[in-house]
Each structure stands twice: as structure tokens, then as C-alpha cells.
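*Asks:* Line by line, the protein sequences are chains A and B. Here the first sequence is numbered in the numbering used here, starting from 1 and rising by one per residue. Here the second sequence is numbered in the numbering used here, starting from 185 and rising by one per residue.
One should not assume that every hint holds.
Derived contacts from chain A toward chain B, CB cut-off under 8 Å, selection only [said to hold, decoys possible]: (1) L41; (2) D43; (3) Q44; (4) D50.
Simulated crosslink set (EDC-like; lysine to aspartate or glutamate; CA at most 20 Å straight-line) [to be verified]: (5) B:K425 x A:D20; (6) A:K182 x A:D50; (7) A:K76 x B:D266; (8) B:K410 x B:E214; (9) A:K161 x A:E104; (10) A:K107 x A:E90.
No wet-lab data here; the hints were simulated from the structure. Cβ coordinates follow ideal geometry from the N, Cα and C atoms, glycine included.
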Amino acid sequence: MADATSTAPGAPDEGESRRDFLLIATSTVGATGAALAAWPLIDQMNPSADTLALSSIEVDLSAVKEGQSITVVWRKKPVFIRHRSKAEIETAQAVKLEDLADPETDKDRVKKPEWLVMVGICTHLGCIPLGQKDNQPKGEFGGWFCPCHGSHYDTSGRIRKGPAPKNLPVPPYNFVKNNIIKIG
Amino acid sequence: MTKPTWNNSVVKWIDDRLPIFSFMHEETVEYPTPKNLNYWWNFGSLAGIVLVIMIITGIILAMHYTPHVDMAFASTERIDRDVNYGWLIRDIHMNGASIFFLVVYIHIFRGMYYGSYKAPRELLWMLGVLILLAMMATAFMGYVLPWGQMSFWGATVITNLFSAIPLVGDAILSWLWGGFAVDNPTLNRFFSLHYLLPFVIFGLVFLHLWALHVGKSNNPLGIDVKEPGDTIPFHPYYTAKDAFGLGVLLIVYASFVFFSPDFFGEPDNYIEANALVTPAQIVPEWYLLPYYAILRAFTDDFIVYQVISIGGFLFSAKLAGVIAMFGSILLLLVLPWLDTSPVRSASFRPVYKLFFWLFIIDCIVLGYIGAKPAHEPFTWIGQIATTYYFFHFLVLLPVLGKLEKPLAVPDSISAAVTKSST
Numbered sequence: 001m002a003d004a005t006s007t008a009p010g011a012p013d014e015g016e017s018r019r020d021f022l023l024i025a026t027s028t029v030g031a032t033g034a035a036l037a038a039w040p041l042i043d044q045m046n047p048s049a050d051t052l053a054l055s056s057i058e059v060d061l062s063a064v065k066e067g068q069s070i071t072v073v074w075r076k077k078p079v080f081i082r083h084r085s086k087a088e089i090e091t092a093q094a095v096k097l098e099d100l101a102d103p104e105t106d107k108d109r110v111k112k113p114e115w116l117v118m119v120g121i122c123t124h125l126g127c128i129p130l131g132q133k134d135n136q137p138k139g140e141f142g143g144w145f146c147p148c149h150g151s152h153y154d155t156s157g158r159i160r161k162g163p164a165p166k167n168l169p170v171p172p173y174n175f176v177k178n179n180i181i182k183i184g
Numbered sequence: 185m186t187k188p189t190w191n192n193s194v195v196k197w198i199d200d201r202l203p204i205f206s207f208m209h210e211e212t213v214e215y216p217t218p219k220n221l222n223y224w225w226n227f228g229s230l231a232g233i234v235l236v237i238m239i240i241t242g243i244i245l246a247m248h249y250t251p252h253v254d255m256a257f258a259s260t261e262r263i264d265r266d267v268n269y270g271w272l273i274r275d276i277h278m279n280g281a282s283i284f285f286l287v288v289y290i291h292i293f294r295g296m297y298y299g300s301y302k303a304p305r306e307l308l309w310m311l312g313v314l315i316l317l318a319m320m321a322t323a324f325m326g327y328v329l330p331w332g333q334m335s336f337w338g339a340t341v342i343t344n345l346f347s348a349i350p351l352v353g354d355a356i357l358s359w360l361w362g363g364f365a366v367d368n369p370t371l372n373r374f375f376s377l378h379y380l381l382p383f384v385i386f387g388l389v390f391l392h393l394w395a396l397h398v399g400k401s402n403n404p405l406g407i408d409v410k411e412p413g414d415t416i417p418f419h420p421y422y423t424a425k426d427a428f429g430l431g432v433l434l435i436v437y438a439s440f441v442f443f444s445p446d447f448f449g450e451p452d453n454y455i456e457a458n459a460l461v462t463p464a465q466i467v468p469e470w471y472l473l474p475y476y477a478i479l480r481a482f483t484d485d486f487i488v489y490q491v492i493s494i495g496g497f498l499f500s501a502k503l504a505g506v507i508a509m510f511g512s513i514l515l516l517l518v519l520p521w522l523d524t525s526p527v528r529s530a531s532f533r534p535v536y537k538l539f540f541w542l543f544i545i546d547c548i549v550l551g552y553i554g555a556k557p558a559h560e561p562f563t564w565i566g567q568i569a570t571t572y573y574f575f576h577f578l579v580l581l582p583v584l585g586k587l588e589k590p591l592a593v594p595d596s597i598s599a600a601v602t603k604s605s606t
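So that you can see chain A by itself, here it is in the shape it has in the complex (with noise of 0.2 Å):
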């Protein structure tokens, strides 16, 4: 019912009026503007230019040898990258599918199937597992171990046992020469 009484502002017995029609486009536009202005003061967390700017690495692998690791900082953070033996290289790839807790042929996580690079970083909590070096544990699977919580990997980095449920992650990566990768 649109006659002038009940439009008129205010008008006490209409559910719908004039007033309640500007109270809640006027509303609308203030939230909007408050969830705009709100915005910036929550992005201004995210990484800054700075950091970003640091995101990428290149790696000269010329100097790894058969069957050494070297640990390269990306992104504050710790990346494996190893120079895989024959030995290793089979192993990785001879393993079944439906005997990994996180399915993932080795063919899928390499470029080059002598080098394995990946984030050190264990998918359980965090912390970085040993098998870097020849004089530390490596795990029953001959990759790599997790001390924290006892994550084996194996050696293409994939979780066989332990808390773990993930493989250890691959970043983004490619051959810029035939010896040098960019990661990021």
C-alpha cells in the first residue's frame, strides 16, 4: 500500500517506509566503506615488496657430486637439493604406488632424475630432518629422518612412515643452464 500516509517518513504502522529504506542503503554503503578502509589495515601483514622481492634464487650445481646434498636458503627456509646416485634413483622409482601414504611417482618429482630438490621442512610440525650429511640418520627407507616425531622418508623425499602426511614438498623450479636451477 502506497498511499501518502504511509510513506510519509516515520510512518509508524508500515513495515516498509521511506526511513527504513535510506537507514539501510546508508548503512550499506558505511559497511562497505568500513570493509574497503578495513582492507589495507589487514594486507599491510602480508609478505612487503621487500620480501618478495628475495623470492627467487639461483643454484650453481656444478660443484655436487654424485651422491652429495647441498642445503640452499629459499624463502628463510631450508631446500634439499641432492645429487642422486643410480642406486637411489632405482630404488625411488621401483616402489609401488599403493605402498606410499602420499601417492607420487618419482618421475613427478624431479626434472632430472639425478637431482631431487625439495623444501626441508617436515609436513608433520615443521622441523627439518636429518640425512643431509653422510654421518647423519637417514631413515629406514635411505632418504631422509625426521627427529622430532620419527618421519621417515625415502629417497625421493616421500613419507613412508611416521606421523608425517605428507611428501616433502617440491618448489617451483626449473634449469636455466645445464647446471644452474632458479627456485621460485
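Fit chain B to the given chain A structure using the hints.
*Replies:* Same frame as chain A, now just chain B:
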């Protein structure tokens, strides 16, 4: 005042045990407010909102700032350049200081014009003066944090004021500095206190509001509320009016932030602090300029100084300047007793109204002189303006209250409103 009935059962459960909802309803919704408040009454709530904006942006800036002499300047630049929206947040905070003082000064002058400091609101007024003092300390220490040239030399000049204190001045100075000059310990403690003081201000604001809600708002007529018809509920009438004022303020504020963020700043502060080179002229931020002018007015040949110190016998001009500068603000604490007139509003005090505007002009002149180099003719203009500042409070206000014949004051707010509408 009726206790509201709460329909929501959770709200009711809480309110029966801790009547926080009833309290909020009473103090922010029903709160009876004189129905004749004009737009000058917006500035109290505006100041409160700016305080909240300053605290929020300040907490964020502290997440990115490093209070160390080697990194403070660089971390400030990083906020401007690299942190997501850091430029925006810093510009809001930087200009917020100016907006805060602008709003608070208008709020104070409104109180002076309408006699809001008079009984029963003396304590309310005095709490306000304490807020102003805390704001000045906070603003000064905040200005030091970017560690530019103005930061460093401003800190040096202001802390050196304490060296004017006889006997223990130098000991106090090295205590303030934590060393033999403004240095890393000074920067660290300034950062700590700059973070603390806004929360002290917040507490003072709470007391200020508490005192306000006991005596209730003054109004442009300066007469007491006599009947319920003199008031209207705070919500929606004054929430709407304050919201409109806030919109206007935010437009002004945003204009500076987005179009001229360094309008109030000094270019020298974008040069990193250097303890061996003083900038050509040290100028405080605009809101401190009048006090700076008072400080500098006291030279050996200033006639007022010669008289009060008996020819320089009692104390040095340097000490006199420092005392006068702090005194110019502390005087406000006793303003309720310096003004002897029983009538509050300048609307009914024709002579006071004239002197009120003269006082405003005097404050502006002092601010102008504070920004000028210390030589003639600025020195003597500053000395006259300083003399007038103290004359206004110490001589004019007490005497004027006795001599002035006020106009007839209306019987009630309602009577005045009805009369003016017919």
C-alpha cells in the same frame, strides 16, 4: 531513566549479571543531551575517533618499525616503500597528529567560548588539560621516531629545555637521554613511551567522559538543563549529527593523506639524523608553535623578564622561557577559577566575546611567530603576544568577570528555543 528490557536471552542473561548493555544503552542511546547543541559540539566525539584511528595505525606501524638508530630511518622508509599500504598507514598516522590537534584545539576554544569549564565541570575541564599535555608529549616523542634531521634536532632542543633547571638540570638531562646526547637509548625509551601514552590518554578520555556524564553537556546558552523538555536522547539525534561531522572531517583528513601527505611536515626530516649537522632552522610541528614562540620570547632584554626577575637577579631568561612555556598550558588548569563571571556562554557576555576573539588572534600570532626565525621584527611581536597571552588569563579574565554587565540569560533552553522560533 527506564531500564531497557532485552529480548535476546543471551544479552539478558549477561545483563542480569553484569549490566553492561543497560549501561551502554543509558550512556550512549538514552543519554539526555541539551537539544540546542550546535556543530561546535561535534569536536569531542571527533577527537575520540581520531584517537582510535591513531592507536590502530600506530599499533600497525610498530609492527614494521625498528627503534634503533641504525635502522629507524631505513625502517620508516621501508614502511613508505615496501610494506603493503605502508605509505597509506603512515600518512594516516602522520597527518592524524595534526588532525587530532586541530580537532582538540577547536574543542578547547569551544569550551572557552561557551564557558564549559565553569562549575560543575571544572574537573572535566582539568582532565581535558591533562589529555592535551599527554597528547603533546606523545606527539613530540612520535616525531622523533622516524630519526630524520628534524626528529633528532627537535629531540635535542626540547630535551635541552630541562638544562634550564638550576643545579640538577644537567643530571636530569643525561637521565632523560641515557647518555651524553640524544642517542639510541633516547630513541628506545621514546618509542616505548610513545606506545604507552596513547593508552594513558585513552584512560584519561574515559575519566573525561565519566565526568561529562555526571554534569552532562554544556550548551550554547550556557544555562543548566531544567526540565526533560530541554533535552533529547543522544541516539539518534546526536549520533546522526556527529556522523555527519565525521564525514566532513574525514574528507578534510583524506585530502591531506592522499593529496598532500607532507603538507604539515618538514623536508629536512627525510634526511637521516646527523649528530654533527644542525638544519638551518629548527621548527616544531605547527601545533606546538605557539608554545615555542612563548619559549623564545624570553630574552635578556625582554622587559617582562627584566621586571619579574628583578633585572635578571632571580633567574635566567632561559629558565623563565621554559617556565612560561609550561605555565602557558598549566594556567588552563586553573582557568575555572581565573574566570570570575557567573555567566558561562559568551553569547551573553559582549565584552568577553570581544576578548575571546582577541585571544584567538593572539594564539594565531604566537603560532606565526613560532614558525619565524628569531630576529626582528618577529622577536618583539612574539614578546607582545606572549605578554598578552598571560595578561588574558591573569588580569583580564578575573577583572572582566567583576566589571562586565552580562545580557539577560533566558529562563530555560526550551524557552529560548521557542522564543527564537516564533
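*Asks:* Now tell me if each hint is right for this structure.
*Replies:* Results of checking the hints against the structure:
Evaluation of the L41 (chain A) hint against chain B yields a held restraint, the C-beta minimum of about 6 Å falling below 8 Å. Annotation: interface hint on D43 (chain A) holds; nearest CB of chain B at approximately 5 Å, less than 8 Å. Against a cut-off of 8 Å between C-beta atoms, the interface hint on Q44 (chain A) holds, since the closest Cβ of chain B lies about 5 Å away. Interface restraint check: D50 (chain A) against chain B, minimum CB-CB distance 4 Å, threshold 8 Å, status holds.
A threshold of 20 Å between alpha carbons decides the hint, and for K425 (chain B) with D20 (chain A) the separation of about 18 Å falls inside it, so the pair holds. As the CA atoms of K182 (chain A) and D50 (chain A) are separated by approximately 19 Å, the hinted pair is consistent with the 20 Å bound. Taking the CA atoms of K76 (chain A) and D266 (chain B), the gap is near 18 Å; set against the 20 Å cutoff, the hint holds. Taking the CA atoms of K410 (chain B) and E214 (chain B), the gap is near 17 Å; set against the 20 Å cutoff, the hint holds.
Our distance criterion of 20 Å between C-alpha atoms is met by K161 (chain A) and E104 (chain A), whose separation comes to about 15 Å. Distance check on the hinted pair: K107 (chain A) and E90 (chain A) sit about 11 Å apart at the alpha-carbon level, within 20 Å; holds.
Every hint from the earlier list agrees with this structure, and none is contradicted.
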